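Chain by chain, the residues:
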Amino acid sequence: MAKKLRIEGLSYRYALGGRNVLDGADLDVEAGEKILLAGGSGSGKSTLLKVISPATMPRGTVSGRVLIDGTDVNSIPRAEIISKVSYVAQNPETQIVVDTVYGELAFSCENTGISGVEIRRRIAWTATYFGIESLLKRRISELSGGQKQIVSLAAAIMLKPEILLLDEPTTYLDPVAAVRFLDLVDSINRDFGTTVIVAEHRISEFAGRFDRVVKVENGKVTDIETDFCGGATDVFYDKVFSLNGKNKNESAPTVMVRNLAFRYDRNGQNVLDGVDLLIPKGSVFALLGGNGCGKTTFLRCLTGELKPQQGKIKIDGKLSAMTQNPLSMFIEETVRKDLRFFLKRKGATGKEADEKIREIAKKLELTDSVLDSHVLDLSGGEVERAAIAKLILAGADVMLFDEPTKGLDDTAKKRLAELMRTLSGEGITSVFVTHDINFTLAAADCAGVLSGGTIL
Amino acid sequence: MHRFRNYHPITKLAFFAVIFAISMFTENPAVRGMSLVGAVTALAAGGTPLKRLLKYIGGGIVSVLLIGVMNCFIAHDGKTILFDLLRRHITLEAFYYGLSAGVMIVGVAMWCVFITDETDTEDLVMTLGKVLPFVSVVITVTLRYIPEIIKKFRETLSAQKMLGIFESKGYFKRALIISKVFMSVTERSVENAMDMASTMKARGYGLVRRASARHKKWRESDTDLLLVTAFCAAFIAVGEKTGDFGFAYYPSPAFVKFGLYAIPMIVACALLFLLPAGQVIDWRIRWQKSFESKA
Chain C
1 MAKKLRIEGL SYRYALGGRN VLDGADLDVE AGEKILLAGG SGSGKSTLLK
51 VISPATMPRG TVSGRVLIDG TDVNSIPRAE IISKVSYVAQ NPETQIVVDT
101 VYGELAFSCE NTGISGVEIR RRIAWTATYF GIESLLKRRI SELSGGQKQI
151 VSLAAAIMLK PEILLLDEPT TYLDPVAAVR FLDLVDSINR DFGTTVIVAE
201 HRISEFAGRF DRVVKVENGK VTDIETDFCG GATDVFYDKV FSLNGKNKNE
251 SAPTVMVRNL AFRYDRNGQN VLDGVDLLIP KGSVFALLGG NGCGKTTFLR
301 CLTGELKPQQ GKIKIDGKLS AMTQNPLSMF IEETVRKDLR FFLKRKGATG
351 KEADEKIREI AKKLELTDSV LDSHVLDLSG GEVERAAIAK LILAGADVML
401 FDEPTKGLDD TAKKRLAELM RTLSGEGITS VFVTHDINFT LAAADCAGVL
451 SGGTIL
Chain H
1001 MHRFRNYHPI TKLAFFAVIF AISMFTENPA VRGMSLVGAV TALAAGGTPL
1051 KRLLKYIGGG IVSVLLIGVM NCFIAHDGKT ILFDLLRRHI TLEAFYYGLS
1101 AGVMIVGVAM WCVFITDETD TEDLVMTLGK VLPFVSVVIT VTLRYIPEII
1151 KKFRETLSAQ KMLGIFESKG YFKRALIISK VFMSVTERSV ENAMDMASTM
1201 KARGYGLVRR ASARHKKWRE SDTDLLLVTA FCAAFIAVGE KTGDFGFAYY
1251 PSPAFVKFGL YAIPMIVACA LLFLLPAGQV IDWRIRWQKS FESKA
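Chains as they are written, first to last, in the working numbering: chain C, 1 to 456; chain H, 1001 to 1295.
Chain H extracted, bound-state conformation (with noise of 0.2 angstroms):
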């Protein structure tokens, strides 16, 4: 086993598909809890900082509250009645929904942070290089200009703090400001973009359909994943099918059924769920290992 990074980026691509699809087409509220609970494992194996983690966990909270009480203002059924708003009903069931799909949304942006941090642009370029080049330079082109977009934006602005531009009160008056920044970084940038052109050009851009210097081994590691992904996947898909791990929240929240596939169905979601951290942490033994052996 190795470090999550290390797999195909087709490997990654087939991984994470499925992760978002179980995750967000689940609609049981423990597929949804072992979803969340695996990212946020996956990124602290990962080496994610304890704060940056504990930010994540907190502004969470924070999401999957919110979303449970707007959704208590969408959502109107359920029997239990909390009270009465605008001749609606307030209902402990609708705020539950929200609060599940406020875990889902959460997950899924969670997952994101952590693929985020074990792909890179090279995952991308590999994957669409051979088949759309186009789409590859242009993402890696962007990704080029972006920081220094921001970064053009940010020393602009703290030039003209420094000149004192800023003293004037009036929320009009910095809005305007910050604009006129704002466009006078966009007209620099154009700029920067033509004369990026032009050295595409002389660079042989267009020339002829260009090749692609991105390789990377398929590795027996590479299958084995995208076995048990297909296998975790099938006995999921099945399960959903014959709704043996079905539930329903309204009107009250309850198991509709708890049949012959659910116990399959929730080892599936789990060893899913928690592969990602698990081939991290394992990665970290052998890498300690590694060093006690040498010493």
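Chain C with its partners taken away, still in its complex shape (with noise of 0.2 angstroms):
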């Protein structure tokens, strides 16, 4: 019996890379299955996904073959193979293309000549699926981003996918809304035996959901045991807490609030209703929170970006803070360029300027490829880094820094983890907001939890 996806000997080398990301890669994959692929940041997992289909693939030279039910893909025409197969990419702002979700779900299918009335059932019956229909009317750019991702779905399953690939899509997700996404995920899976094969590095978190897990590596797939499946997603904040405990700290604070209380409409409700808050010299702090409980809000107020109605806020030192997007801090091509460009706005000469810049590329082991590269060519994590060579050099004696965490990999978080120690030896408090309680148990050594308008 032919298999749902087979994919024999497999190469592929990006148009401007100089090797290939896959080389040589086999996978056989049965009708319904759920598959996990693992592989750390650059192992072409991404790649694998979007080569399978050739509407996906991006500029590149290939060699081996894709069979869908035993068919070479290349011999299915256009508009079947889209049909057939659905990607959802990792970051839903790049994949999500009209204004309004209604418009969104209808994309695909107005692309295939679908007729109106069939586009509008399988739009209401989606709707009804996915629990979205609250969110029919609503513009795209008023959702959070757990519902953009969701809505990323629901219109990759309007074609009524055979098999659906999704390319790290919790990535920007909470871990509660990461839970709900696979969910849902499941659903699809179980009710219409879609294959389905998802792209994720929290393999310890999620593989007990899948059939079989499959890694990427030097540009081959290859099963792996998954002995350690089951372990589930840690939304619980009790070690959280254990963290106060441990912090000896007793040196002055260097950010002191004081009943501090918020809100964005006067006859609204306070989102910040009485903060006391004292963070010691060079700690890390880690503020958790459900999503919309104000934990954004409360750093806006730290950097005086929103004016609290009530409450003093004291910062022994200078501020900097780092925003969810790390790439808004640069405005130059290059990281090398835009520090340049920022010391001698800070009035450096240029040979200061670069003795400073090659002090701190050693401190934060920014390689020159890392330097001289265009900031969008970077990594989550490259792109971190620099960012908080920046926030050096600005001077910052407290760093802030939201949601860090947001599209790194593990290895990418254990070394910001390791950055924020390092920084907090040298007397540089650090405070970030986050929902990721492994990452705040690795960096944090005092944390809290906003919730009903106050910090626990």
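Hints are supplied without guarantee of correctness; some may be wrong.
[Claimed, not checked] Once the Cα atoms are required to be at most 25 angstroms apart in a straight line, the calculated DSS-like pairs of lysine-lysine come out as:
{"hint": "1", "chain 1": "C", "residue 1": "K356", "chain 2": "C", "residue 2": "K318"}
{"hint": "2", "chain 1": "C", "residue 1": "K337", "chain 2": "H", "residue 2": "K1180"}
{"hint": "3", "chain 1": "C", "residue 1": "K344", "chain 2": "H", "residue 2": "K1173"}
{"hint": "4", "chain 1": "C", "residue 1": "K281", "chain 2": "H", "residue 2": "K1161"}
[Claimed, not checked] Derived CB-CB ranges, DEER-like:
{"hint": "5", "chain 1": "H", "residue 1": "L1065", "chain 2": "C", "residue 2": "N267", "range": "32 to 40 angstroms"}
{"hint": "6", "chain 1": "H", "residue 1": "I1149", "chain 2": "C", "residue 2": "A15", "range": "24 to 32 angstroms"}
{"hint": "7", "chain 1": "H", "residue 1": "D1117", "chain 2": "C", "residue 2": "E365", "range": "49 to 57 angstroms"}
{"hint": "8", "chain 1": "C", "residue 1": "E365", "chain 2": "H", "residue 2": "K1173", "range": "29 to 37 angstroms"}
{"hint": "9", "chain 1": "H", "residue 1": "M1183", "chain 2": "C", "residue 2": "D372", "range": "14 to 22 angstroms"}
{"hint": "10", "chain 1": "H", "residue 1": "N1006", "chain 2": "C", "residue 2": "P77", "range": "38 to 46 angstroms"}
{"hint": "11", "chain 1": "H", "residue 1": "K1173", "chain 2": "C", "residue 2": "L278", "range": "33 to 41 angstroms"}
{"hint": "12", "chain 1": "C", "residue 1": "H374", "chain 2": "H", "residue 2": "R1154", "range": "17 to 25 angstroms"}
Quick caveat, the hints were computed from the structure, so don't treat them as lab data. Just so it is clear, the structure is predicted and the values come from calculations on it, not from any experiment. Even for Gly, the Cβ is constructed at its ideal location relative to N, Cα and C.
Hey, can you piece these two chains together into the complex? The hints should help.
This is the structure in structure tokens:
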């Protein structure tokens, strides 16, 4: 019996790439199977997903074969392959094309010439299945990250695909939203027999949900043992609170917040309602809490971007902040050019700037290749380290990070945690808001949970 | 009757085309005034917050006065000379004409705000989707990315402020940084646009002639509104043609003629301009009553 999907000796090299990202990869997938595709950053997981369908294949050199139901994908008409294989990208921002949820759901069907009546029926059914009826009339810009990812998935299902490919779909989601999203993927696989392949680096948390785990390494695909399966996402805060007992730092607080209250509307409710907080100098403080509880609002109050209606904030030293998108820290093409421009604006000569860049690059392990690459070509971890370099060069004594682990793989998270600990040893205080409990345990030495407008 | 936004996009398009045509091509200050009053009442009835509405009215008054004053320096006709400037007469009639033009411009601007409140992109896409599918996709994609680009610009500017890069004084230096922020955001947006083009292709864009999922039923109320609009437009057009409600600003402001068609023309204008507000008020009353009946 023919496999649903068969990959035979697949090799692939990007048009501007110097090496084969995939090098003779083989994979057999049964109909209705659910596979987790593991592998580190840059291992070729995303590339493998993209080259399965000619519709998503980036420009490059390919050899080997991909067969769907025994037929080479290159001999399947494009309209048919688009209906058979749906791909959901890692970042919903690049996946979503139009401005409303309704339009987004309709987009693929409209392109393939399905009749208007049939599209409307499919939208009604899909919205009910995914529980997004209330979002249908909404604009995409009004949705949260989790909602956008669900809309992307729903749009992918509109063509009733036989194979669903998901590229690290939980990267931009908090733990609860990630679990909810994967529950939906499970339902699709169970209810429609859709073959599902998910590229994901959080193997220990999600492997238990899948029939099989395969790993992409050195351009090849291998089955791996899943004896570590069954680990659940750590959504409880017990371990986080235990951090505070370990913090023996008795030095004077560098961040002092007293009875802080903030609301966006005069007649609205307080988002922050009597927050008290002392963060000792050189600490790494983690602030956790559910979606929309006010974590980012709290950071924006600390930076002075929002003016609280009540309370006092005292920060001892210079404060700098990194937003959720560290790319926004850079306004030049390369990291080196950007840091040079920044230092010269701060009064340094060209020679002094170069010297400072050399020092900070050594400290943060920023290689020449990272410094001279276009910022848009850097990985998530590299951009974060470059952004931290800029914060240090700005002379920050207190650094604020808004969701610093968003989009980072485990290795990059580990390096970031180590970096925060190193900076802590040098007396620099780090404050970050996150959903990632494992990262909190690795990086922080004190933590709080924002709930009901106050920090517990 | 129902709220104005529930009409078919083609009905709304026709109605607002007539509103704009009358407001812009009729010189009579009474008609222009009615257009402005109609727009303001429509906005007020439509639930525009009082603070925002007062801001519009305040801005509108300033604009009208400004246009009035500016016209004095452009037009020099009229018999009431206020003073001479650079050997040119500054006349009261030119000021009046400017005020009237200002009322027209502010009125049209207010109608634009009302249209924005009462229509959405779905209306536009629905109207164009079947005729010009390519244009409708361009519009929706643009509308998706404009808020994203604005958000990115604000975010990048805020990040640079936090880094203290704006501490250096001097407009030139600030302008240089802002231009760099703009360039970097543009570059990132182009990169995103390229990703989006790949996504569109992967999702079948350009394969076959696009279908349209948007559909809105044509209701009796659409026919009714179109008939009323056409009837009123016909009266106003005849009135304009005969000049029965004609008005001249020079040499002094006065009605040229107040003939047979003047009264029907005023009634038709009032009906058209006050119709949106009336519809919304009627809808609100019915809505309120439906709750009372349940209670």
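Violations among the numbered hints, reported as their numbers in ascending order: Going through the list in order, the structure violates no hint and respects every one.
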